[in-house]
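**Q** Okay, here's what each chain looks like letter by letter:
There are 2 protein chains.
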Amino acid sequence: MAQSPALLFLLLFIFATKTIESTQIFFPRATHQSLIKQAKDPKLSIPYKTQFFPQLLDHFTFQPQSSKIFYQKYLINDHYWEHGAPIFVYTGNEGNIEWFAENTGFMLDIAPKFRALLVFIEHRFYGESLPFGKDSYKSAKTLGYLNSQQALADFAVLIQSLKKNLSSEASPVVVFGGSYGGMLAAWFRLKYPHVALGALASSAPILQFDDITPWTSFYDAVTQDFKDASQNCYEVIKGSWAELQAVSEQKGLAELSRSFRSCENLHSMYSARNWLWTAFVYTAMVNYPTEANFMMPLPAYPVREMCKIIDGFPPRATKLSRVVAAASLYYNYSRTEKCFKIENATDAHGLHGWDWQACTEMVMPMTCSKDSMFPPSTFDYKAFSEQCMRKYGVLPRPHWITTEFGGNRIEQVLKRFGSNIIFSNGMQDPWSRGRFQGKSFSEMKCEALSLFVFFFLEKNGTVMECPLRYKGAILLVSSLRRCVEKYISQHHSTGH
Amino acid sequence: MAQSPALLFLLLFIFATKTIESTQIFFPRATHQSLIKQAKDPKLSIPYKTQFFPQLLDHFTFQPQSSKIFYQKYLINDHYWEHGAPIFVYTGNEGNIEWFAENTGFMLDIAPKFRALLVFIEHRFYGESLPFGKDSYKSAKTLGYLNSQQALADFAVLIQSLKKNLSSEASPVVVFGGSYGGMLAAWFRLKYPHVALGALASSAPILQFDDITPWTSFYDAVTQDFKDASQNCYEVIKGSWAELQAVSEQKGLAELSRSFRSCENLHSMYSARNWLWTAFVYTAMVNYPTEANFMMPLPAYPVREMCKIIDGFPPRATKLSRVVAAASLYYNYSRTEKCFKIENATDAHGLHGWDWQACTEMVMPMTCSKDSMFPPSTFDYKAFSEQCMRKYGVLPRPHWITTEFGGNRIEQVLKRFGSNIIFSNGMQDPWSRGRFQGKSFSEMKCEALSLFVFFFLEKNGTVMECPLRYKGAILLVSSLRRCVEKYISQHHSTGH
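In order, the protein sequences belong to chains A and B. Just so you know, we're using the working numbering here: the first sequence kicks off at 1 and counts up by one. Just so you know, we're using the working numbering here: the second sequence kicks off at 497 and counts up by one.
Next comes chain A alone, as it looks inside the complex (with noise of 0.2 Å):
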C-alpha cells in the first residue's frame, strides 16, 4: 500500500474527437488492456471480507422485470471496526472494486483513529456486479440499467441495509470517492444527506459536463503538464502527429508497425495514434512524484521522464521515434513486454462499460486547441451521436447530467445547499479543470455549518495529487482527517 497512490482516475473515453484532418474517433483500448491485467491481479495488502447484497435491477420504475435482483459485490473490513463508530464507505466506480480498494489509503490510513469499519461498494455492471451476468453487455436492453443515478440509490439502499444488519443504524457515513468515484461521492451526499454526512470527493470533474468547462481544458492540462516538463518536449510531441501521417502514407502500415513495435500488423495508422495519445494522456493523469502502479507500472514524475526520453535523442532522430520510446515508458516501464499490443487489445466485460456510460449520460464533450500537443479538433456532437445510436442503439442525453446533478452556479448553489463536501484536486491533474472550483485551500473551513470545503495544491508545489503518504501531503492529509472528524463529532454532537 505504502508505494500506492491513493487518489484515483475517470478512465478516459475520447470521444467525438474530430480531428481536423480525420473524424476518427479515439477509444484508447489499451488502457483497458493494462486495468484488465490490474484487476485480474488484485493485491490486497489488507484482509477484506468479499459479500454479495441482492439488489433491485431498476430503482425508479415498478416494471414487473424492474424488481429483478442481481448480486452486488462489496468489501468490507471490520478490523478497527467499535459498533456503533462510523462507516466509511467507498462508492465504487468503473471497475473492479478491488481495484480501487487496493488504491485508497486514505481510507485505511485513517480507520483505526476513527475505529471505522471499511466498506467498498462495486458499482453496478462492473467486476463482479454484473446484473444480467455474462449477457449485461449484451445490448442497450440490459446495458440500460447501467448509469449514475442506478448506481447511488444502489449504494444508499446498500448502506441502509448494512447499517440495520449491523444493528448500527446511528453509525455515521462517510463516502469516500475518486474521479467519476468521486463524482458519485459527491453526487451521493448532495442526493443522499439522510444516508452520508459527508463526502470526500477526489479528482472529480463534476463539472467536465455541458459547457461549464472550457471543452479544450482537459487537452490544455496535459499540454501544459509536458510543456512545464520541456518546450521541446511539447514541440516534439506536437510535430510527431504529422509525421506520423505522412509515415504512414509513404511507407506504409508495414514500416509502422516495425517502428512501433506492434506484436501484429497495423491496420489502420488511428491505431497507432491513439496508442501514443493514451500514453500521453494517462501519464499526465497519473504524474505522481513517487513510483506507482495505479494505471500501469511508472516511476515518479512520468511526465518528466518521458520528455527526458524525447529530450535525450540525438538531434537528428526523428520525433516520432522519440514519441515511440516516450510512449513505451508508459506502456513497458517494467520491461516485459516484447511487443505491444496495439489493436485489438483484450476487453473483457466489466471494463468497456464507460463507453456505455459516455454514449448516454456521461458526456463530456474535449475538443484539442490549436496549441495543443495533439491534433485541433473539434467536438462533433452529430458525428458522436451517430456512432453512439451505431454502437449501441441509443442516443446521448448530453444535458441530462447537468440537470439532475447541477453545475452551472454550483458554487452559487452550494453555498445555500448542501454541506460536508470536500472537493480535492491537484492541479496538475488534467481532470482539475473541470472541477468544483472553490475557495483556495487557505480558506478552507470544516465548521460545522460550512458550506463546502475546497482544497487544492499550488501549481507550482512538487506534488500534483495528493498521494497520501508522499510527505508534501502531509498538511492535506492532516487537514482532510479533521474535517471528517467534525463531520463525525457534529454528528455525536446533534445526532447527525
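Worth flagging that the hints you see were computed from the coordinates, not collected in a lab. Treat the hints with care, as some may be off.
[Stated by the list, open to error] Listed next, with one range per pair, are the computed distances between beta-carbon atoms:
# : chain 1 : residue 1 : chain 2 : residue 2 : range
1 : A       : I212      : B       : R611      : 27 to 33 Å
2 : B       : I565      : A       : L166      : 40 to 46 Å
3 : A       : P64       : B       : E907      : 34 to 40 Å
Heads up, the beta-carbon is just placed ideally off N, CA and C, and yes, glycines get one too.
Chain B: place on chain A using the hints.
**A** Okay, now just chain B, sitting in the frame of chain A:
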C-alpha cells in the same frame, strides 16, 4: 378563486386496514367519482395557456424504450411576468392539473408583486399527461413508469427547458405544492436545489412512511377533530359500525340499500361502510373555516356541521340513521343527488393512479386504535402486498421512499443540509401528524442561512389549514410571502 381553499390534499388510499372483524380493504372510490366530476368541469378563473412538453418516458434508464416521448401538459400564465422575474411552479399531484391550478390561490395572489410567471405542471399519468394514452393504466408494464422520482425529473427537465426557451435562465424558480404535490415540492428542492431555490410544501406528509409517524396518527387526528366538535358525535360514529354490521346481518342488504339511499342495490355491507368512512375522512381533510368546494361543495367547518346533524336527531334515532345523514352532508351539500352511487362509482383513467403509487412506493401504513371513531384495525403488510401483487403484479417497496428521500431524524439532516423549504400545516389536518416537525411558528426564520422554516397555526386557533383569504391567516400568508421574497432577493444579491 376567492372562495377556494388554497392548500391541497392527498387523495386518500386507506390500504390494508385489516379490521379486527374483517380483512376487507377500504378504497374510497366515491371520492374518485367526485374528483372526476370536478376534473371534467374545471372553472379556471384565470386564463392559463395550455401547453404540452415532449417528455422522456424514463429518465433513469437508457433502454431503447426509455427514450419514448410523451406529451406532458402544463398551464402557463405570463400576465404578470417580466423577463428575468421569478417563475413559480406548481408541482402537480395526482389529478388533472386544472384542478390544482384552480385551487391554488396563493401563487396567483403573490404573482403581481413578484411579476412572476405561473406554471402548473401536470404529474405524469394523470389528467392528459398519459405516456401510453388510453393504455397507460393497462398493466405494470406501462404503469411502471409512474412514480415520484420520474415525476421530479420531469419537472426538472421541463423547467430547465422552459427557462432556456424563454431565454430567462437566471429567473429564480420557487416550487409550490400541496399534499402529495407538497411532498414533491419539498423533495424537489432537496433533490434539485440547482433548479429551484425554494419550496413551499403545504400539508405534505413526508413522514407518513415506515414507522416514523405512529401508524394510528392519521385516524387519531380524524377522531380528535370529531371529538373536538362533540363528544356525543364521536361516540355515535364509533358505535355506528356495529349497528351497520347488525342491520346488514339481520335485515339484509336491501334494507341497507334503502337506509343509504343507494341508487342500486348494494352487494356488500363494506360498500356502505367505505362510503361512510370516506365521508368522515375527507370532511376532516377539508374542514375549512369557509364554505369551499375542493373535494365536494361543503359549508364552513363541515366537521362541526356533520356533528350538528348527528347531535340534532331525536334521542331515540339509531346511530346508523345519524351517520348516514351526516355523510350525506359530504355527498350532497348541494342537494343535487336523488340517490347515491355507493358501488361502482365511475373511475376514469388518470385518477386511480394513486392506488398504483400506494401499491409501489407510497406505502403509508395506517391503523385505527381502539379509541378511534373507526373500527380498530391493524396493518397487515402481507395482506397488503398480496393484494398489490394480485392487482398489479408487483410487490410494494415499503422502505424505498425513506431510502430515496429520507425521513428518519429529518430535522437533524435538514439542520446541516438543505434550506429554503417552507413546510406549512394546519394542526387539525389529519395529514399534519406525518408532517415535518420543525420549529414552531414563533421561531420561523427566513434568513439567508436558515436551514428550514416551518409554520403551523396553533391547534386552539380557529383555522385549521391556511385558506388564504381567510382573515385569521393573514399573518401566515404575509409571512409566507416574505419568505418567498427573501429567497428571491438572496438570489438577486448572490446569483442564486
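**Q** Now, for every hint given, state plainly whether the structure supports it.
**A** Status of each hint after checking the structure:
1. I212/A <-> R611/B: 27 to 33 Å: Since the Cβ atoms of I212/A and R611/B sit about 29 Å apart, the hinted range of 27 to 33 Å holds.
2. I565/B <-> L166/A: 40 to 46 Å: At roughly 45 Å between Cβ atoms, L166/A and I565/B fall inside 40 to 46 Å, so the hint holds.
3. P64/A <-> E907/B: 34 to 40 Å: holds (38 Å)
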